[in-house]
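Each chain is listed here by its residues.
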Amino acid sequence: MKVQAIHSFLVHPDKGQEEQTTIGGTRVTGQNRLVEMLTDVFTAAPEECKHDIYFLPNDAGEQKNECRDLLLAYVNGPSKANGLKLAQRLQSVTTHRSKLGLMFVIVGRKDALKRIVVSRFPADHGILADEKDANLNVEFVERVFMQSATAYKSAVYEGTSGAHFWKGRAIDKQINSDVSVANYWIREFLKSDFAVTGAAGTRRFAVSLRDAIAAADTVATKQELSSLAHLLLNIDGQVKNTAQILHEFHMSPAAGLLIRNQFPSEKVYAESFKFTADEFRQHIAFRSVELDNGALLTASASGFDDVFTRQQTGNQVRFSTVGSVIDDKLRKTKS
Amino acid sequence: MTLEQEYARRYEHALQPAAVSLQELIVDYLTGLPRIDRVTVRAKSVERFLKKAEAVVEGEPKYSEPMSQIQDQIGARVVTFYLADVEAVAGRIRKYMNPIEIKTLVPDSESEFGYVGQHFILLLPTDVSAKIPEADALLPPFFELQVKTLFQHAWAEANHDLLYKPVFALSADQRRKVAFTAAQSWGADMIFEELHQTGART
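Protein chains in written order, with our numbering: chain P, 1 to 335; chain Y, 1001 to 1202.
Next comes chain Y alone, as it looks inside the complex:
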């Protein structure tokens, strides 16, 4: 069986139904938290999985066992209104789910603007795997969860779309424009957070 066939089977029989079940569970866990714009969970498509599996680092394949090593075969995202809501969601997630990785992604230096987000690699709850036949063989033990504000999410989506367009190399000026939009997104989050905090005090 080729990697494509193996993953396609996993995608159809395990990842897709697990994603539906996981979405319900996360929504349930977040019940009562305000200002959550959306909760989405998706199974990584066969095409995207294969593309990732082919990644090369310093001339060597990045993944020797992509079926085991790629941990975002199921990806979840929670989008909130304000920065403080990201913290609240992250706290609730930690209460109910266990991480093997917690990452706050920020640009490398204070003078740069770019991708921002709170990422977790979490154990896939047995509430989800229990509903999937052959779960032990087909389901990965982990999934990725990203928690972002609306602005962080909007910027990341547009940026991803531009970067993944084939034969589209950004010029220095265009890269500066992308950084500018990231800065605006960062600024909008800061101002909305301030306004929200001010509103919360009055």
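Bound-form chain P, shown alone:
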């Protein structure tokens, strides 16, 4: 896909300020390192932006989104004036915590397919080292803008007409920060949300975990997967995809594959969602362990390891627990 236009704007942290700073902007042209770098950002954006997002309807529930309108205006007329409107929008939601930033808007096309990328490089400071004739000059520099590993933000949208561009992808390295920072890029600037609701993503993960436990053919894998249910409650409210969850909890390849196999496609497996502990508990409420002597121990999935003390001796295991009896049931089936 060929880049058609690039504009850059210096965006100040002016959220809540009546007087908005005048934004300086420029068209980035020529054949130089900056254009090369931004072309790379443009090309890599669909891969780099990991979160599927969509534009929210307006407050009246209509199919109208002010940020989408600005993006579409730039796609259809990539001018400095149209880019400036996006920069003004970003500036109006930028707090001092997010600091000064350099915004790039890049549009390109291949045949009828158009792509727009909006990126924000946060301001940083650094040291400029200039080596000349065996001498070294060092100088402190401010307003250095970097594709920061901790604060970089970008979004990409593609489509062939105005009927498209409702769904896109974003990256926000601060997505799991506190609410004000986490909401800044996707919720406030893009007026968007994750394409998969927290409840839907969590539910799908919980059902996959449950099915993976049922499909596991060794006790060790079943135990490993069951233990995950307990640990997951620590990530309540965090945005993850399934692969990240499995990686962060050091699941074995066998257990990870069992979960992966429950998903209908790689795309679904890779979708980000906000993990919701309440939703998870609705689908994985109880954990049961069956012993070869006929014993069946059941407790809440999150509390099983707290309720039962486990002592392993070779292949044998002793579970013990202490409490007052509050009920006693006979059941037709085990589950």
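Wrong hints could be hidden among the right ones.
[As the list claims (entries may be wrong)] Cut-off 16 Å, straight-line C-alpha distance, at most; resulting in silico cross-link-like pairs (EDC-like, lysine to aspartate or glutamate):
1) 191(P) - 69(P)
2) 167(P) - 1101(Y)
3) 267(P) - 1072(Y)
4) 167(P) - 1136(Y)
5) 1103(Y) - 69(P)
If you're looking for bench data, these hints aren't it; they were derived computationally from the structure.
Based on these hints, arrange chain Y on the given structure of chain P.
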């Protein structure tokens, strides 16, 4: 390829299987909610799609790109017993699915009676599209969901049938009769809701 051929291919290979899959998913999402009469999902027929695609507004075609612009190529409907159940279903739907449009359709003025319903244009979940080969090329990104009571649904169906009958222009008196049935449907919903709420309190 003509529009008819293009849509017919989409209908057969993507919309119909997606509708089946979506119905299962919606039923699953609504599990545990009481008083749901039915959940139906259908792919818009080729004939109806073409008819809609030909719509004209002020002398101009309404849709320049009907394959992208017509958003009810997959239409879902949930029919509930009472008005309060519509709210419960809408809440559950919002929990699991994302809308780009939410509309509560009511007559224009307080003294009119007519179509009533809660409509959503929702993102087609990837749980559904993941099962369709060539989904990116063939499946629309959205579908329409209507949530209605039994009475709202019954009135809308009969009204639709009358309106879409060819060469059937309603007289003023007949239109009044249609409005009367809408008023009765509205009244029945109100009374059943009251009775239901009273029953819930006792």
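Decide if the proposed pair is consistent with the structure: residue 167(P) and residue 1101(Y), CA atoms, cutoff 16 Å inclusive.
Holds, at about 14 Å.
16 Å Cα cutoff - pair residue 1103(Y), residue 69(P):
Violated, because 20 Å separates the two Cα atoms, which is more than 16 Å.
What's the verdict on residue 167(P) and residue 1136(Y), does the C-alpha distance respect the 16 Å limit or exceed it?
Between residue 167(P) and residue 1136(Y) the Cα gap is close to 12 Å, so the pair holds against 16 Å.
Are residue 267(P) and residue 1072(Y) close enough, with their CA atoms no more than 16 Å apart?
violated, 24 Å
Verify the proposed pairing of residue 191(P) with residue 69(P), using a straight-line Cα cut of 16 Å.
holds, 11 Å
When the structure is compared with the earlier hints, violations turn up for hints 3 and 5 and for no others.
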